[in-house]
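A.B. asks: Here is how the chains run, residue by residue.
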Amino acid sequence: MTAPQNNVQTPEAKAAYDARWQRIMDCVNLKQPDRMPVTLFATFWLAKYGGITNRQLMYDYEKVKEIGERVVLEFEPDTHSPMVLQCALGPSLDKVGFKPLQWPGHGVSDTQPYQYLDREYMKADEYDEFLFDPTGYYLSKYLPRIAGAFEGLDEMPYLPGLHYLRMLSGIIPFTNPRIRESLEKVITAAEEVKRLNDHQFGFIEHMKTLGFPTSYGTTSIAPYDLIGDYFRGATGMMKDLYRNKEKLLLLLDKAVVFILRQTISAAKQWNHPIVFIPTHWAPDAFMSQKQFETFWWPSFRKLLIGLIDAGLIPMPLWESDCTKRLETIRDVPAGKCIYWFERTDMVKAFEVLGDIVALRGNLSPSLLTTGKPEEVDAAVRHLAENVFHKGGKLILDAAFGLPDETPVENVRAMYTAARKYAG
Amino acid sequence: MADMTEQEQNLVNWLADMNEDDAFALAKKMLLEEKVNPLRVLELCRNAMDIVGKRFEKGEYFLPELVLAGEMLENIGAIAKPLIIQAPGEAPKRLAKVLIGTVHGDLHDIGKNIVTFMLDINGFEVKDIGIDVPVKTFIDEIGAFQPDVVGLSGFLTLAFDSMKETIEAIKDAGMRDKLKIMIGGGQVDETVRNYTGADAFGTNAVDAVSLCKTWMGVAA
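Protein chains in written order, with numbering that gives the first Met the number 0: chain A, 0 to 422; chain B, 0 to 219.
Okay, chain A solo, but in the shape it has when bound (with noise of 0.2 Å):
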């Protein structure tokens, strides 16, 4: 896949664009950069940029998309998140009734963000049906857990065994108001998120136009961490290490094959060939490293496989901190993912990955929110001479996008301080 479609309307925008681009691609390549990209990843940190509250920037697609693009100009940074799709949310939760997120008027007060509820969404005696036909699980047990709308959908007929004339009685439970009301709603929902995503479309299209790009198209998840945190919860999944081992081993293994394709197709709807993989249960303090190398990485790796196979470039975010697994995860390609650490020490990353893997990160969030700019300042030097200047393809991020409490004065010290340092 080429890079992300070139749109821009002016030479001059065009030519910020592409030196931009050019930037994260010469990281990527593994090739050193005419200087440290900075990239922006911002959620409801917008909203304390614009003044709003973060149920306003969760519901107002248009004032989203003003917002971002006043940061954007203010700092211009190399790259950009997809702030509409990551903020304006609500309405296509409303409409899909969505279950596992409480989030600004929905369980949560209108300043705080969302917050994923960590539940059991499929039972431990479901693996075998999940493994034996995972859309038909999808379909009547999983969707209807999380979403309202799909909640019909659980007396959908089994559509395996519809054969010749046998298809005929066997869609009689269409009929089923139930079912009919669901498949309305679904429809509804998804008109809604039709509209979220041409926001979206649109706010890169403008960016583009301003000689920004965005820093990925569309994300992915580790295997295990999909069974984990959307299926069977935190403690469910870590049971099944030792109760259902084998289940889950061949469940994760099957997790690779659908992640794979509906990552590679919404990477080419997005144009994008970034794929942000953010992970939960790799860190070091989660599991033991025989588990990581049993259960978490097998998986994970064939992903990033599959991912650079199709021409895309994985960025996993590498949640916590994950030094003793450096070692392992450096078995891939050189020159094709981007690995963004949370709180794993860049310098001890960048000393066994710097040859293999672009890096991303990591100012600490209790810097950014509680630090003074001057501290800022010194965070984004010890990272720009300890790992930029020494060979360190590194794009400057905070830990984990900028944290939504960070007063304005210290980001503006981050970008600041990166072109101070590192160009």
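Treat the hints as calculated values from the structure; they're not laboratory data.
Glycine included, every Cβ here is placed at the ideal spot set by N, Cα and C.
A few of these clues could be false.
Taking lysine-lysine and the BS3-like style, the derived pairs with C-alpha atoms no more than 27 Å apart in a straight line are [said to hold, decoys possible]: (1) K253(A) / K335(A); (2) K57(B) / K238(A); (3) K163(B) / K371(A); (4) K170(B) / K371(A); (5) K57(B) / K27(B); (6) K238(A) / K126(B); (7) K323(A) / K57(B); (8) K57(B) / K289(A); (9) K347(A) / K57(B); (10) K244(A) / K170(B); (11) K53(B) / K323(A); (12) K80(B) / K238(A); (13) K238(A) / K28(B); (14) K34(B) / K53(B); (15) K244(A) / K53(B); (16) K53(B) / K289(A); (17) K57(B) / K244(A); (18) K27(B) / K122(A); (19) K238(A) / K170(B); (20) K238(A) / K53(B).
Listed next, the stretches of chain B that the computed footprint assigns to chain A, with coverage defined by at least 3 CB atoms under 8 Å from CB atoms of chain A [as the list claims (entries may be wrong)]: (21) 154-166; (22) 170-177.
Please arrange chain B on chain A, whose structure you already have, making use of the hints.
C.D. replies: What follows is chain B alone, placed relative to chain A:
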């Protein structure tokens, strides 16, 4: 463990080694068929949990083992506890009281639950007051429970301010000098500890146990 029978030793080992099926079957047999004193079975469970805790501290066990150990203990406890005829003075002595909760605005509880479990199996009396706990609730609960240690948990960056407010309120209520305060969560570090005014921070359950033991003058 020299004073254990072979059967008792098996129960401890199987629990400590995560051999859930054998351990549960044996505990059930001891309790329901052999009518072993349920307090003795629970004592054996505590011995096993001590081993689990030590293996966690040494980096041999991680969160999956703590979670499974907690569940095994709960399942055996569910059979044993109704069988207990409590005699005066038989209640196990607790080291100290710890009140724990996730601060207001934050709904995360996985880390807090694991800390609660680890403190409990290490001999502390723990009261978990849940998630998204308002400042006033902390104050009321501290007044009622009289803890030696308060644990404030939080995963989001918004928790920094919630922790700071909670600690300030504890101070304003005149309770600060009577207790130690520890904070924990994925984002906390020394900068956050300093910002919030807590006595210490921890990033895992072992830290929490060590802090409490140190504060209470128990060998950590």
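A.B. asks: Against this structure, judge whether each hint is valid.
C.D. replies: We went through each hint and held it up to the structure:
1. With a C-alpha separation of about 24 Å, the suggested pairing of K253(A) with K335(A) holds against the 27 Å cut-off.
2. The straight-line distance between the Cα atoms of K57(B) and K238(A) is roughly 21 Å, inside the 27 Å bound, and the hint therefore holds.
3. About 18 Å separates the Cα atoms of K163(B) and K371(A), which keeps this hinted pair within 27 Å; it holds.
4. With a C-alpha separation of about 26 Å, the suggested pair K170(B) and K371(A) falls inside the 27 Å cut-off, and the hint holds.
5. Straight-line distance between C-alpha atoms of K57(B) and K27(B) comes to about 30 Å, which puts the hinted pair past the 27 Å bound.
6. Straight-line distance between C-alpha atoms of K238(A) and K126(B) comes to about 25 Å, which keeps the hinted pair within the 27 Å bound.
7. Under the criterion of a C-alpha separation no larger than 27 Å, the hint pairing K323(A) with K57(B) is consistent with the structure, at around 15 Å.
8. About 15 Å separates the Cα atoms of K57(B) and K289(A), which keeps this hinted pair within 27 Å; it holds.
9. A C-alpha spacing of about 23 Å is found between K347(A) and K57(B), which places the hinted pair at or below 27 Å, so the restraint holds.
10. A distance of roughly 49 Å separates the Cα atoms of K244(A) and K170(B); the hinted pair therefore is violated under the 27 Å criterion.
11. Among the hinted pairs, K53(B) with K323(A) is consistent with the structure: their alpha-carbon atoms are about 20 Å apart, no more than 27 Å.
12. Of the supplied pair hints, the one linking K80(B) and K238(A) holds, its CA atoms being roughly 23 Å apart against a limit of 27 Å.
13. Simply put, K238(A) and K28(B) have alpha-carbon atoms about 23 Å apart, close enough for the 27 Å limit, and the pair holds.
14. Under the criterion of a C-alpha separation no larger than 27 Å, the hint pairing K34(B) with K53(B) is inconsistent with the structure, at around 30 Å.
15. Straight-line distance between C-alpha atoms of K244(A) and K53(B) comes to about 25 Å, which keeps the hinted pair within the 27 Å bound.
16. Distance restraint check for K53(B) and K289(A): the Cα-Cα separation of roughly 19 Å lies within the 27 Å cut-off, and the hinted pair is therefore satisfied.
17. A threshold of 27 Å between alpha carbons decides the hint, and for K57(B) with K244(A) the separation of about 24 Å falls inside it, so the pair holds.
18. For the given pair, K27(B) sits about 25 Å from K122(A) by alpha-carbon distance, which is consistent with the 27 Å threshold.
19. The suggested pairing of K238(A) with K170(B) is violated, with an alpha-carbon distance near 41 Å, which exceeds 27 Å.
20. Taken as a hint, the K238(A) and K53(B) pair is honoured in the structure, with Cα atoms around 20 Å apart against an allowance of 27 Å.
21. Counting residues of the region 154-166 of chain B whose CB lies closer than 8 Å to any CB of chain A gives 5, which reaches the minimum of 3, so the coverage claim holds.
22. Evaluation of the coverage hint for the region 170-177 of chain B: breached, as 0 residues show C-beta separations to chain A shorter than 8 Å, against a requirement of three.
In this structure, the earlier hints numbered 5, 10, 14, 19 and 22 are contradicted, and the remaining ones agree with it.
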